[in-house]
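> Sequence:
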Amino acid sequence: MTAVPSRRAPRPGASPVRVALRALAVAVVTLASATAPLALAAPSGPDAAAAPATGDLTWSVRPADNDLGAGRPNFAYELAPGDVVEDALVVTNLGATPLELQVYAADAFTTASGHLDLLPDGEPSTDLGTWVTSPAPTLTLEGAQSVEVPFTLTVPADAAPGDHPGGIVTSFVQAADGDVRLDRRLGSRIHVRVAGETTLTVAASDVVTSLSPSPVPWGTPSGTVTATVTNTGDVRAVVAAGLVASSPTGSVTRTAEPVEVMPGSAVPVAFDVGDAWLLGPVDVDLTVTTTGVDGSVADPAVVGASIVVVPWSALVLVALVVAVAVVIGVRRARRGRGEGAAA
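All letters in the sequence shown, in the order written, are residues -41 to -1, 1 to 302 by mature numbering (1 follows the signal peptide of the UniProt record, and there is no 0).
Just so you know, these hints were derived from the structure itself, not from any lab.
Ideal Cβ placement from N, Cα and C applies to all residues, glycine included.
Honestly, I wouldn't trust all of these hints.
What the hints assert, rightly or not - Ranges of calculated distance between the beta carbons of each label pair, as one might list FRET restraints: (1) V281 to V167: 32 to 38 Å; (2) D165 to G102: 49 to 55 Å; (3) G30 to P83: 29 to 35 Å; (4) P57 to D244: 39 to 45 Å; (5) V197 to A119: 19 to 25 Å; (6) D117 to P79: 22 to 28 Å; (7) P259 to V167: 35 to 41 Å.
Sequences and hints are given; from them, build the entire structure.
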């Protein structure tokens, strides 16, 4: 059975049902602790330099070495509205076969797995992807040839302060069976920080706790706690989520690996809370700490939820033990009365 999640409500005083559940859960763990020890397990992660080979087709990209920097891992600028930057991307054909590529810019976002990705070709950009233009929208490279692809980045006069993520992409489109097209893309990040007052905030929401009692009386419940973390500010944020789940019978602490979230993006977080004695009323508190890429720190985002986990198999065992004890007691009482009458 899976417990149904509910939002935590203020508790001015414990109800008789809640008190009874706490007492019952403690009794169940006391009964099972001799055979099942408590186990807590803490869960355990930029630009690609070269595209994977398809036959003899493979290439690499990197920022050009120029007055803006050398050996740069990606493109990063601190600009003001109206500023214009001239830069270039170096593209190298690593194979011997001529290679034709498309070149374009696109907005960036954080995927559900916590990685940075760029909008696919055909999905229109609305932010940084519209700020970049290049005189070479298509590029043909001979085998082992390397060229610089210039581009211009123009910050709109009304650009909002904060971080604007995107990237410049090289794309090789290959026809496949039927109407299917294979689009292999390789690009370099572009991060623009527009001057002005910025906000570093995140929100945690949609906390769902799913705990299933063990089918055997001495087993621990299994389940997960999931939530959504959204960057509600206007700068890149490194978020780290931590969880505390507690019940009358035990508690568990979990932490997730930090992940960088772009402004406006949301990522799911999940915690395995199995192998812990969480029975009866279970309170869940999720805390998200946030650090900006510039080292600034935001106030933690905290959200909670509560559920009740009923250990049905343990209740059946307790009921059987009580029933057997009652039967034995009744038989002994009858035997005692019979022996007294015979005497």
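> Each hint: holds or not?
Hints, verified against the model:
no., hint, verdict
1, V281 to V167: 32 to 38 Å, "holds (35 Å)"
2, D165 to G102: 49 to 55 Å, "holds (51 Å)"
3, G30 to P83: 29 to 35 Å, "holds (33 Å)"
4, P57 to D244: 39 to 45 Å, "violated (59 Å)"
5, V197 to A119: 19 to 25 Å, "holds (21 Å)"
6, D117 to P79: 22 to 28 Å, "holds (27 Å)"
7, P259 to V167: 35 to 41 Å, "violated (20 Å)"
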